[in-house]
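Student: Each chain, letter by letter, is given below.
Protein chains: 2
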Amino acid sequence: MSTPKEDWRTLCSRRKQKQNENIPPEWRIQVPSKDVQNVMDVPYTCGLLSPEELALTDRDLDDLVADLTSGKLKSEDATRAFLKRAIVAHQVTNCLTEIFVDRALDRAREVDKYMEEHGKPMGPLHGLPISLKDQFTMKGLETIMGYASNIGKFADHDCVLVEMLYELGAVPFVRTNVPQTLMWGETQNNVFGRTTNPYNHHLTAGGSSGGEGALLAMNGSPLGVGTDIDGSLRIPSAFCGLYTLRPSYERLPYHGAANALTGQESISSVLGPMSHSLGSLKLFTKALVDARPWERDPLVVRKPWNEDEYRLVDHDRGKRMCFGMLWDNKVVKPHPPLKRAMEMVKRALEEAGHVVIDWEPLNHVDIYRVAQTILVADGGEDYRRDCEVSGEPLITSMSPEKDAHQIDLEVSLVKMLTGPPRSRSAYELWQLHTEKRNLRKAYLDHWNATAKRTGTGRPVDAIISPAVAYTAVPHGLNYDSFYTTLGNAMDYACSGFPVTVVDPEQDMPHDPHDFHNHEDAAFYKLYHHELFAGLPVGLQLIGRTLEEEAVIGMTEIVDGIVKDYKKRNNLQ
Amino acid sequence: MSTPKEDWRTLCSRRKQKQNENIPPEWRIQVPSKDVQNVMDVPYTCGLLSPEELALTDRDLDDLVADLTSGKLKSEDATRAFLKRAIVAHQVTNCLTEIFVDRALDRAREVDKYMEEHGKPMGPLHGLPISLKDQFTMKGLETIMGYASNIGKFADHDCVLVEMLYELGAVPFVRTNVPQTLMWGETQNNVFGRTTNPYNHHLTAGGSSGGEGALLAMNGSPLGVGTDIDGSLRIPSAFCGLYTLRPSYERLPYHGAANALTGQESISSVLGPMSHSLGSLKLFTKALVDARPWERDPLVVRKPWNEDEYRLVDHDRGKRMCFGMLWDNKVVKPHPPLKRAMEMVKRALEEAGHVVIDWEPLNHVDIYRVAQTILVADGGEDYRRDCEVSGEPLITSMSPEKDAHQIDLEVSLVKMLTGPPRSRSAYELWQLHTEKRNLRKAYLDHWNATAKRTGTGRPVDAIISPAVAYTAVPHGLNYDSFYTTLGNAMDYACSGFPVTVVDPEQDMPHDPHDFHNHEDAAFYKLYHHELFAGLPVGLQLIGRTLEEEAVIGMTEIVDGIVKDYKKRNNLQ
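These protein sequence lines map, in sequence, to chains C and U. Residue 973 is where the first sequence ends in my numbering, and the numbering goes up by one at each step. Residue 973 is where the second sequence ends in my numbering, and the numbering goes up by one at each step.
What the hints contain is simulated information worked out from the structure, not anything from laboratory work. Each statement offered as a hint is correct.
Examples of chain U residues lying across from chain C (beta carbon under 10 Å, computed):
| # | residue |
| --- | --- |
| 1 | V561 |
| 2 | S649 |
| 3 | G657 |
| 4 | T663 |
| 5 | V701 |
| 6 | V702 |
| 7 | P705 |
| 8 | S824 |
| 9 | R825 |
| 10 | A827 |
| 11 | H834 |
| 12 | K837 |
| 13 | M891 |
| 14 | E948 |
For every residue, glycine included, the Cβ atom is placed at its ideal position computed from N, Cα and C.
Build the full structure now, drawing on both the sequences and the hints.
Tutor: See below:
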């Protein structure tokens, strides 16, 4: 006799309750009323963190790591400070899933003890608190990953990433929220609910690594790990003002992590760092690659960290580079703040002696159609099965209230391109692969052909593009992943970096243009400069496949130039 | 009004006729009668090649390349000699498809002219004649690839490999035969017919790169390029006494080549060198990788040639290595000559100070089932369509006469494992990927765990194994690809290398063992020491994924040790 199956609602609310109980009572704060849209200053005003803890959690990653690996700063102190700030962030954005304060502090003490006994750090991530998207399995914890059906399933192993992070000395200290199915650019599920954007709780933090986005925006973690199959690192990073790296397929170890669409290998999900600090990109990637992840995860490419590529040996050592600016991918035209950000970057780069030319989009609609068709080639079977187990319904809109928005986006362009969901055969999938492969070849040739226009003797060194055509939008409205899909479908190594914030005075609506399609028209109408005031505006830098080292190197240069430019011109 | 479709038989015989006409009349030889089983000495006896040409075509690749790249030897002379010898080989084994004597000689003269004008070689393959499997598209030629439907389709581009070979200075000079569908370990199709083994025309040269196998065995080419999705480089190399390298997925540029199962990317077909000369492995692989193939083929891994890995930095610099000997994969037990070859290698390695331990097979039947199921996941749709166009029938047996063999292999183990062919859904394919991924992880952990047994402090440096459980067999009987599939499914970089020849006096039948399955029993019965006398016996060396450099380096060491051992002990 089996016990009668519990209703999914009961399951979920009990699990949410358990999560609440994991918050130490003394760390509860007075949550501001819903009238307060921007909660970014709550860590400073709530009184939970001491001035030292605030200063510590506000520090740049490089300094923090230097002090941790030299033993100047105890991991326990750093971990406690970030735990507090993370739990503050959680209380105002609902960004966390797993909260395990004692375990995290125990680990921090273990690391501190190692330093005491050996007089040297455990590894390059010694003592560093790291937050993890709710896919990275940790022994003894559940990996809910947005599904009620995962409640009560405790992992008997760490995934390879976590195994390696431990060996490198890190302190995994919280796990962060995701959308059901993982396949949304927003973050909401039936177990843990919705994550909101700390700059404005009416807006999404992005997704699917949206828990990381909100947490990191509030400095609730110095470094987080998210994943990206269609923009899931870059979207929340752009919406929350963060740096990120979307590496190429199989550069970093994913084995053993939970995932949606398991076994789908046509467009592989990848993992990467997200952080307030630029230094996170090299620190995280190099630490993992130097530890030879291909000896743990059979899919990881055997490609050692290449310091020459990082020093831009293929890009004139960074001296005079040429960037292709993707002003408009001809699918959705970027909102005014994105345009201004690109103009600012262009001017800054040119003043610094680099070249900026227009990037011509090629086959973008075909690329999106093929990619999006591949991602639904199972006709939704994967989601259906994950929901069926618990009986929870499949979430079909990220909008808090149905019809809350006046903009008609019901028939999305993606759905128009991919047609109604249906199960494809293996043979049909193979044809999509062939089409994708030919699109990759065409894009490669197109890129190489820019050598004729750059004036540097080389093709464009990297493309600079919006990550999303807009800044954070109201919940339920983030339909467009077209700027990010390019990287996933072509498998380009991409970074995301913050550039500026929306300035309603400068970022007035543009005059209507000749709309590319109904979605472009809808997104045009969505722009209201007052609504978006103060929001982070990020861009992405797109390099070649498996060119992570150079993408990091170029991002550091571009970021430095933009920061100098802003300082010189007194810009935000 | 369309013209009535021509019967496929007419199409094929006219195409075969055209092939015959491409043989210069003065290069026709007196073909020995069918009573002569072994045609290996025909180049020496037929009178077509001068003593100088015979000496030139018998030279080791390293010498040949040194003289070509220094300008000491003219490419035209080398190319003419190899063309002659290739056409001799063709007349006795039917190994060629495309014959283009004038075009090849023109290219050779172009290369010679370059040397004259510039005083330096065009590239590392300067002037070297290279034969190509009938998949590597060349502008202006058809790529029949075993299908009548490809007759009359002339390519308007070179595939990336050919494009790069030209730039490296090579002289593509013939193309070689394949089986219809490419998915057999033998070589026969309705257009060009069957390729036979030059050691015995009753036996297969292997496949699917069997045209290369027969051609290279007779020194009709110094270096050939084949492909491998399930053993197609290693099987003909083992059956014909050659060296080969099966690189990991996407190390070398396949883009633009014709292929079967186009778009199937779960187990990617790869290309690699085949040759009489050991030096071919490094020469070919390094030349291509150094030319940055990822700038031409978007799927190629951006991994520069790593000379440290070639010098075995991860393997004690080759000083004291440990090899795992796969005596029996528990699916089909190797024939006596293979066992003797492994024993010889073991003794030779041990005398040279290396360690040899037994390799324990793990999950081999599961690995084969998953791999073989993936390869028929389209339910045969790909083959069906390629046959439909011309109306030619799908070849269902490689046997020259039905029921010619007394051994019942009709129900092959592969078919029993994969079940009747049926079209799988994308979702089902994803589940196979998950299973494959877990099998790869299990095999990786299994390999790493050998560190406890090797005595070197490291896991086994490489596995040594038969490529096939037997030497060349009568046409229609090469059913077993289980020793090669391991490399394709786990994506291990593997080499093939010749060890000895069948010696009927030493290689007496073994007593029957406890058969693993009915196929193992059938292959046991197949062994007749007199039938196989004098045939080449080859093994493979299996390294880690994307470890091509180290696999080449280790193969060079093992080969040298075995050659020394044979010389010291006066063995063949």
